[in-house]
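Asks: Okay, here's what each chain looks like letter by letter:
Number of protein chains: 2
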Amino acid sequence: MSDILSIKDRTAIVGIGETKFAKHLEPSEKELACIAIKSALDDAGIHPSEVNALSSYTMESTEEVEIARNLGMGNITFFSQIHYGGGAGCGCVLHVAMAVATGQADVGVAWRSRKRGSGARPWATVGARLHDNWKYTRPYGLVRPVDEISLLTRRYMHEYGATREHLCNVAMAVRKHANNNPNAIMYERTLSRDEYMSARWISEPLCLFDNCLETDGALACVIVRADRAKDTLQKPVYLHAASQGFGPQHQTMTNYHCEDPLLGPSWATSARLWSLSDIKPADIKVAQLYDAFSPLIPLSLEGYGFCERGEGAAFTENGAIEIGGRLPVNTSGGGMSEAYVHGFNLINEGVRQMRGTSTNQVTGADSCLVTSGEGVPTGALILRT
Amino acid sequence: MSDILSIKDRTAIVGIGETKFAKHLEPSEKELACIAIKSALDDAGIHPSEVNALSSYTMESTEEVEIARNLGMGNITFFSQIHYGGGAGCGCVLHVAMAVATGQADVGVAWRSRKRGSGARPWATVGARLHDNWKYTRPYGLVRPVDEISLLTRRYMHEYGATREHLCNVAMAVRKHANNNPNAIMYERTLSRDEYMSARWISEPLCLFDNCLETDGALACVIVRADRAKDTLQKPVYLHAASQGFGPQHQTMTNYHCEDPLLGPSWATSARLWSLSDIKPADIKVAQLYDAFSPLIPLSLEGYGFCERGEGAAFTENGAIEIGGRLPVNTSGGGMSEAYVHGFNLINEGVRQMRGTSTNQVTGADSCLVTSGEGVPTGALILRT
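Residue numbers (the numbering used here), protein chains in the order written: chain A, 1 to 385; chain B, 1 to 385.
Fair warning: there could be bad hints in the mix.
Quick list of in silico lysine-lysine cross-link-like pairs, PhoX-like style, CA-CA up to 25 Å [stated by the list, open to error]:
#, chain 1, residue 1, chain 2, residue 2
1, B, Lys30, A, Lys135
2, B, Lys8, A, Lys8
3, A, Lys30, B, Lys30
4, A, Lys23, A, Lys176
In short, the hints are calculated from the structure, not lab data. Because the structure is a prediction, the values reported are computed rather than measured.
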């Protein structure tokens, strides 16, 4: 291992930007992407002409040359895309950080722009043929991501005694956080346990409030080397460690045929992540965990080592994932109550927590775990002050 | 710049693999991909279970989980894709090298599998709408990549006096190399200047022999850190430097509206590449230059600094790009005479030259430039012994 060039703490996020979030926004995905990126660069005090690394999702509709041309960038010397929808976000930050740390580029941008009316919902399309693993599940009614996760949730409930009360803990925690975030779709819109329990099924045992929002919006962040970070406008937020990951025999969200379906991609990501990190789960005081669906939070608490296997559901009891609890989670409201932009809002909220500027600031938090989609191949970041 | 963790010489390509090349192969793209990757791992003496980094083209039809599951890989901790078709190949090697050098992964694979009957020819499809820059060119007859490059070629001829004689020099040089490569589609199939000059137009001024082949096939290579490379079966081929790149105001191959259309993406790539390299153009004795179309070779000779602007055409005279000349180019036959698999065969031939195992071995070559598609956002590698 002596030959490794560790990028630990060698880069920092120095700018974040985002558009408004709403069920419908007028600008195109391309315009929203440019607005978010320009906003992130302004936040950092860096001109677009200095950007030379770009990373986004394969599902992103605006390609690199369009971003660069519309924003007036110069020579671009690194570009990457990451597959698997909501699994991509943290990996995009990692890719840019690697490029910047190793001198392949100097200023990098990661971003995601998404409109719910766009083509970025592949399950809503019908192909001439079902390919790969989809042919084993689509004909049997597993059509939407929520159908796939509902099966996984049943297995989790069966194996470990998780209940809807636990899922409600998650939904209410992130809603409370959103209630105090003026940028959140669910700002000031409260959720009671009764409302949760009487909500309609989306895919039993997952009800309306176990699902993320449907949001138009875009977000971006700017990454530079640590030495350059000292000269930007904001307090630098260092990337301490990061990893991507998925495990053996993985399919995607229909991962029911491997030896243990409850060992999702977070476990592979987590193993590498902590091996690269001086900060350990016990040190982390705030986390942004990908929450397209509520059960992903207890599964991620297990995968990333905040509790033992099977204990993630119980972890959510007694306000442990709310402000003031052991590990406040998704302090902006996350995908379920702030905005669902394929998880990128979790990255920006992680940065705000490290800057001390969250509307739900966790006192004394000096590191933050951010994760991307569990169920699909994923990624995670450890940010620190 | 002192804060940069240079990956120079920190990684090596230790395995290469490829399928047969033919106009039609029976196996699917997925099967071909797995065959090529397994072959590359066998070449290195590394078991698939050790692979934990994967990179390929966004146009690749087989996604990461399918590759990993079908080959029996373990935890994957890095994955990336690169856009822009033939512009991707060298970048994939760079991405994996960055991941391996920085300890995000340990053993990485880059690959490309392609069948000409597949969907990997986006210009052959008709969309409901023309988006982005395509709407300015498609309605006027610029439909295929060859149409786009033919306009660029006319401009090149007009500006610098390049002629069809020069393009014929390119076509005949790579054909001669293929004639001596038993794996090449054009093995033993010669090409005369008369045949070239009397061939049919594909898109004037580009004739049949200015175009790459149409090939089914797949290739892969395996990358590890330099310390591990000493323990593998083959002579390690070190990645000395690499870059991706495209310049300001770039479109794609229809890049006619920027200030100087003849300053393609190779110029942006080249600037970063040589700044990271101790090896300079004058030191390079063999090159594998992306050749979907013959004029890309003189343009690349200029872009990568082997001659001044406008001198690339004349550079091809007197056998300079053939074995025995100043800079033998595409010594396997390249995309025009060995196989066209989006340029990945150029990477594997670069490795063979550094191993000393090419069927057209360049005596004394201790470094090799490999480039990806010019015209589209691209990438380049400097390999060394």
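Asks: Next step is simple, just say for each hint if it's right about the structure.
Replies: Do the hints match the structure? See the list:
With a CA separation close to 16 Å, the supplied pair B/Lys30 and A/Lys135 stays within the 25 Å bound. As the CA atoms of B/Lys8 and A/Lys8 are separated by approximately 19 Å, the hinted pair is consistent with the 25 Å bound. Between A/Lys30 and B/Lys30, the direct Cα distance comes to roughly 33 Å. Violation of the 25 Å bound is thereby established for this hinted pair. Using a Cα cut-off of 25 Å, the hinted pair A/Lys23 and A/Lys176 holds, with the two alpha carbons roughly 20 Å apart.
Going through the hint list in order, the structure does not satisfy hint 3, though it satisfies all others.
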